[in-house]
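Peer 1: Chain residues, written in single-letter form:
Protein chains: 2
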Amino acid sequence: MAWDPELERAFHPRSIAVVGASSTPPASDRQWGGGYMFIRHLQELSFPGRIYPVNPKATTIRGLQAYPSIAAIPEPVDLVIVAVPARIAPLVLEDCIQAGARNVHMFTSGYGEVGDEEGRQREREVVEIARRGGLRIIGPNCMGLHVPAARISTMDGQPTEPGPVALVSQSGGHASHFIRYCHLRGIGLSKVISFGNGVMLESTDFLEYLAQDPDTKIICMYIEGIKQGRRFFELVREANRRKPVVIWKGGLTQAGAGAAASHTGSLAGARQIWEAFFRQTGAVQVSSVDEMADVIRLYLHMAPLAGRRACVIGGGGGNSVAWADMCNLEGLEVPPLQEETRQLLRRYVPPAGNGIRNPLDAAPLLQDLTAMRHALEIVAADPNVDFFILNQDLGWGGGQQNGERMEETADMLIDFVHSARGKPVAVVLEIPSGGGLRATTAKLVPRLEQGGVPVFSTLPRAARSLDRFIRYHQAARGD
Amino acid sequence: MAWDPELERAFHPRSIAVVGASSTPPASDRQWGGGYMFIRHLQELSFPGRIYPVNPKATTIRGLQAYPSIAAIPEPVDLVIVAVPARIAPLVLEDCIQAGARNVHMFTSGYGEVGDEEGRQREREVVEIARRGGLRIIGPNCMGLHVPAARISTMDGQPTEPGPVALVSQSGGHASHFIRYCHLRGIGLSKVISFGNGVMLESTDFLEYLAQDPDTKIICMYIEGIKQGRRFFELVREANRRKPVVIWKGGLTQAGAGAAASHTGSLAGARQIWEAFFRQTGAVQVSSVDEMADVIRLYLHMAPLAGRRACVIGGGGGNSVAWADMCNLEGLEVPPLQEETRQLLRRYVPPAGNGIRNPLDAAPLLQDLTAMRHALEIVAADPNVDFFILNQDLGWGGGQQNGERMEETADMLIDFVHSARGKPVAVVLEIPSGGGLRATTAKLVPRLEQGGVPVFSTLPRAARSLDRFIRYHQAARGD
Chain D
11 MAWDPELERA
21 FHPRSIAVVG
31 ASSTPPASDR
41 QWGGGYMFIR
51 HLQELSFPGR
61 IYPVNPKATT
71 IRGLQAYPSI
81 AAIPEPVDLV
91 IVAVPARIAP
101 LVLEDCIQAG
111 ARNVHMFTSG
121 YGEVGDEEGR
131 QREREVVEIA
141 RRGGLRIIGP
151 NCMGLHVPAA
161 RISTMDGQPT
171 EPGPVALVSQ
181 SGGHASHFIR
191 YCHLRGIGLS
201 KVISFGNGVM
211 LESTDFLEYL
221 AQDPDTKIIC
231 MYIEGIKQGR
241 RFFELVREAN
251 RRKPVVIWKG
261 GLTQAGAGAA
271 ASHTGSLAGA
281 RQIWEAFFRQ
291 TGAVQVSSVD
301 EMADVIRLYL
311 HMAPLAGRRA
321 CVIGGGGGNS
331 VAWADMCNLE
341 GLEVPPLQEE
351 TRQLLRRYVP
361 PAGNGIRNPL
371 DAAPLLQDLT
381 AMRHALEIVA
391 ADPNVDFFIL
401 NQDLGWGGGQ
411 QNGERMEETA
421 DMLIDFVHSA
431 RGKPVAVVLE
441 IPSGGGLRAT
451 TAKLVPRLEQ
461 GGVPVFSTLP
471 RAARSLDRFI
481 RYHQAARGD
Chain P
11 MAWDPELERA
21 FHPRSIAVVG
31 ASSTPPASDR
41 QWGGGYMFIR
51 HLQELSFPGR
61 IYPVNPKATT
71 IRGLQAYPSI
81 AAIPEPVDLV
91 IVAVPARIAP
101 LVLEDCIQAG
111 ARNVHMFTSG
121 YGEVGDEEGR
131 QREREVVEIA
141 RRGGLRIIGP
151 NCMGLHVPAA
161 RISTMDGQPT
171 EPGPVALVSQ
181 SGGHASHFIR
191 YCHLRGIGLS
201 KVISFGNGVM
211 LESTDFLEYL
221 AQDPDTKIIC
231 MYIEGIKQGR
241 RFFELVREAN
251 RRKPVVIWKG
261 GLTQAGAGAA
271 ASHTGSLAGA
281 RQIWEAFFRQ
291 TGAVQVSSVD
301 EMADVIRLYL
311 HMAPLAGRRA
321 CVIGGGGGNS
331 VAWADMCNLE
341 GLEVPPLQEE
351 TRQLLRRYVP
361 PAGNGIRNPL
371 DAAPLLQDLT
381 AMRHALEIVA
391 ADPNVDFFIL
401 NQDLGWGGGQ
411 QNGERMEETA
421 DMLIDFVHSA
431 RGKPVAVVLE
441 IPSGGGLRAT
451 TAKLVPRLEQ
461 GGVPVFSTLP
471 RAARSLDRFI
481 RYHQAARGD
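Same order as they appear, the protein sequences are chains D and P. Residue 11 is where the first sequence starts when you use this note's numbering, and the numbers rise one by one after that. Residue 11 is where the second sequence starts when you use this note's numbering, and the numbers rise one by one after that.
Warning: the hint list may mix true and false statements.
Unchecked claim - Residues from chain D shown here face chain P by an in silico Cβ test under 7 Å; the list is partial: (1) G183; (2) H184; (3) G261; (4) G266; (5) A270; (6) G327; (7) P369.
Claimed, not checked - Okay, the calculated beta carbon distance ranges per label pair: (8) P393/P with A286/D: 33 to 43 Å; (9) R60/P with E440/D: 38 to 48 Å; (10) R195/D with E138/P: 56 to 66 Å; (11) G125/P with L379/D: 24 to 34 Å.
Claimed, not checked - Selected chain D positions facing chain P (in silico; Cβ < 10 Å): (12) A265; (13) H273; (14) V322; (15) G325; (16) N368.
Hints in this document: simulated from the structure, not taken from any laboratory. Ideal placement from N, C-alpha and C gives every residue a C-beta, glycine not left out.
All chains, please: the whole structure from these sequences, using the hints.
Peer 2: Put into C-alpha cells, the structure is as follows:
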C-alpha cells in the first residue's frame, strides 16, 4: 500500500478555503447555511491555520477577509471546501486547478443521488475536470472531514478528543451520530471521513490511507456500495491483520439496497457476497452506529479473551434464564461451573432460590464486597470460565445504593481484572433516565472503562459485541 | 373449558390470611421480609377486605389482630399466603385444610428448584397434602397475584390501573418488571399471576381461567416449561381465536434450558417443538418483557392492518438505508411508491438529496404541518402502502421544537389516522434521557396512544412488533 502525502495534507491542513460562504448567518437554526457554518465550526474549534472565505460579493465573513476566488488567495490552500450550488461547482473546480489547490471537499449535492440523467451528467463533468486538473475530490454530497488533532470539523462544532479510532462513512448522518456518541462515551477519534457519492476517492482509498496512519489503531467503516471490489477485499484482509476493521454494510436487504441507490447512487450488492466477504477477510461485521461503538469499547478497554465461555452474574431466576438465552443466541457459551467451584461458592452464596449455577444468582453478595471478590476469584479459578458478564443489579443499580458504595464496587472490579487471580469482566449497567442516581452512574462508566472494564447498556448488546471481539481474536490466533 | 368459581375467589378475595408475618419490619430495605411486606402492600393498596396475620407469637401486626392459626380466624378465608420456611409449610397446609381454606399462594421456596433430592421430596409432600385436602396451590417459590381491580398485590406496592391485559408468569422477577413497565406506559392490567414451580396450578390452568375471564382481552405468558403439553397446545389454539395470546418462552437455547431447570425445575423442551407450536397455534411469540409490552401497545391502540407494506418517513439518507434494512429484516416490506404518488409529492418534498422514495426523506415537511398532512394523504392514496412508520426527527425530536408545536403535530397525526383519507400510523419517538424536552416528550406518548397512534422507542422494536401484529391478523383472516 502506498502512502499518499497529498491526502495527509487534507487531514492536517495549514490553510482552508471555504467557497460559498454567505456573509450573514442562516435565517434560522433549521437552515444549514453551508459555508458560513463550516467557518463557524472551524473558529469554534480554534483551528490554528488560516481560513479563507471565498465570496466575490463579500469583503469580510465572520471577521475574516473574503476573497473573490481561490486563485486570489495569497498562498496555496491545503483544503478547499465547496459549498456552492451544483451548477456553479464546475467553475469552482476550475478555480482550484488554476490556484494549484489539490484537495477538495465537495459538500454540494445534486449529483448521482438524484437518480436522473441530469445528476449523472453533472457527476461525469466533475470527474472529468478533476482528472484533468489532478484534483482529489472528497464527495460530492458529503459532510467531509472531522480531525480532532488538527482541530478541524465540518460535521460538528463540539470539541472532541483526539484518539485512536477512525471512521470512513458514506453517510454524513451516521458520521455525525458516531462523533456525538463517541464524544459522550469518551472515545477519542483520529479521523472521521464522510465521503458521500465518492466519485473519485472512496472507501478503498481512505482505508488504504488509514491502514498506514500511525494515529489510527481501529478502523470503522459505513459502506453502501463499493466500486473496486477486488482491491477493497484485499485491502480489508491485509489491514485487518494489523488493525481491527469494523464494517457496517448498509443496504443488505432488498429495501435497504433500494434506499442506498437513491442515497449515494450505490449498487449495494447481494447479501451472500457480503457474508463471504466478512468470512474471508475476518473484518468485524456490525449493523448500527451503536454496535460499532460497542465493539470499539472492547478493543479499547479489554484484553483479548481466551474463549467464549462466560460466567454471567446477576440476580433473579427469570433473569438468569433470559440472560442465558441471550448469550447463547449471540454465540456465547454459558457453561456449567465445576462441582468444586460450586462447593467453594457455598460459603458465599446460599443455595436457596436457584442453587449455585451459571448464570449465578448472586443477590446475597450485594451486601458484602469482600464476599463478592472471593466469589469472583473462586469462579475465575474454574477452567470452564473465560470471562465474566456482571449485571447492573450487582451492587450499584439498586436505588438503595449510595454513590460511594458504587465507586467502591467499581474499584474492586478494576483491581480484580488486573490481579493474578482475576479474569476479564464486562459490565452491563443501564444509566437511569432520571433521578439522583443518574449523575453517579454516568460517572462510573468512564471510571470502569479507563480501569479496563468495558460497560454496556444491555446484556444483548454486550453479548453481541463480545462474540464479534472473540471471533476476531480467534481468527487472528488461527483457532 | 370449565369456569372455576374457586379460582375466581382467589382473584377477588373478601379475606386474606398471611402466614409467617413478623411483627416488625425487615431490618433493611434489602431484606424482603416476606409476610410483613405482603401485609404492607395490601394496606398501601387499600385492600377493602379483611387481612388476617397468622403468627402464634404476635398479638398485633401493623395494627391488625394476629391469630395463632388459620383455623382460629373467625371466618373462612378466600386466600392464604404462605411465607414460612419450607420445613414448616406442611403444618400450615394442614391448618388450611382444617380451616376449610381452599386457595393457597405459597411464597415459600426451597423445593424442586434447589435441584437436590430433599427439595424434590418436599415438593411431593406438598402435592400429596394439597390433593388430599382439596387445596389449590399457586406456587411454591413464587410471587403470587396482582389484581388492580381487587386492590391486591403481592408483587408491588404501586397502585396500578385496572385494564384488559393479563400476564401468567413462571418468573416473579419478570412479572414485577412487567407490572412496572405497564404502569409507566399507562397499560391497564386485569390479572398478573406469578406461579413459580407450578406444582398444582400451572400455565395451562391459568390460561383456561383467563380465556373465560371477561376482564381480560389480551393474554400474555412467560413460560419455562409445560407439564400438560397437549392440553396446553389445544387451549392456546382455541383461546388465541378469541383473544391474542402473547407468549415469551424462556429457555429456548441450551444454556437457557439449563438455567430454567434450576429456576423452576422445568424441562424447557426443544426449540423446534416450540417453533411448530407457534406456527400451529398462531400465538404471538416474543422474547422479552419489552417486546411483550410493545406488541400489547399495538393491540390496544391500532386497528388491524391490511398488509405489511410500510411507508417509512424520516430524515437523512443514511438513516433511510438503515430503516429500510431494519424493516426488511423484521419481515416488513418497504415498497417503491407509485410514479403518480412521487409526482404529487414533488409539490411538498424537493427532490434534492435523495429524490422522492420510500423511506421518504421528509426534512422539508418539518417546517409546515399543513404540507406534512398533504404529503401523508398523497401517500395514503397509494395502493402500495398499508401503513406509516414516522420517525422522531419529524416535527418533535429536534431541540428546536417547542412543546406546543410537538402537541400540534401529535393532534394532526391523530386526526389523520381517523380521517377518511388516512391510514394507520406508528411513531418512533425516543424520550430524551435529560434536558427540558424530556417532560414534554413523555407527555406526548399517552396523548398519541390514546389517540390511536402507538409509540415505540426504536425503529427495530416498532418493526418487530408490527410484524407480529400483522401476522396475527393475517392468520385470523386466513390470508
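Peer 1: Run every hint past the structure and note whether it holds.
Peer 2: Hint check results:
The criterion of a C-beta within 7 Å of any C-beta in chain P is met by G183/D, whose closest approach is roughly 4 Å, and the hint holds. Annotation: interface hint on H184/D holds; nearest CB of chain P at approximately 4 Å, less than 7 Å. Of the supplied interface hints, the one on G261/D holds, with its beta-carbon coming within about 5 Å of a beta-carbon of chain P, less than 7 Å. Because the smallest distance between the Cβ of G266/D and any Cβ of chain P comes to about 3 Å, under 7 Å, the interface hint for this residue holds.
The restraint placing A270/D at the interface with chain P holds, with a minimum CB-CB distance near 5 Å, inside the 7 Å limit. With its C-beta approaching chain P no nearer than about 4 Å, G327/D sits inside the 7 Å limit, and its interface hint holds. Residue-level restraint check for P369/D holds (minimum Cβ-Cβ distance to chain P is 6 Å; threshold 7 Å). Distance hint check: the CB atoms of P393/P and A286/D are about 38 Å apart, consistent with the given range 33 to 43 Å.
Checking the proposed 38 to 48 Å range against R60/P and E440/D shows it holds: the Cβ atoms sit about 41 Å from each other. Range check, R195/D to E138/P: Cβ separation about 57 Å, and the 56 to 66 Å hint holds. Between G125/P and L379/D the CB atoms are about 28 Å apart, so this pair conforms to the stated range of 24 to 34 Å. Using the Cβ-Cβ criterion of 10 Å, the hint placing A265/D at the interface with chain P is satisfied: the shortest such distance is roughly 4 Å.
Evaluation of the H273/D hint against chain P yields a held restraint, the C-beta minimum of about 4 Å falling below 10 Å. Proximity of V322/D to chain P holds as hinted, the smallest CB-CB distance being about 9 Å (cut-off 10 Å). Because the smallest distance between the Cβ of G325/D and any Cβ of chain P comes to about 8 Å, under 10 Å, the interface hint for this residue holds. This hint holds: N368/D has a C-beta 8 Å from the nearest C-beta of chain P, less than the 10 Å allowed.
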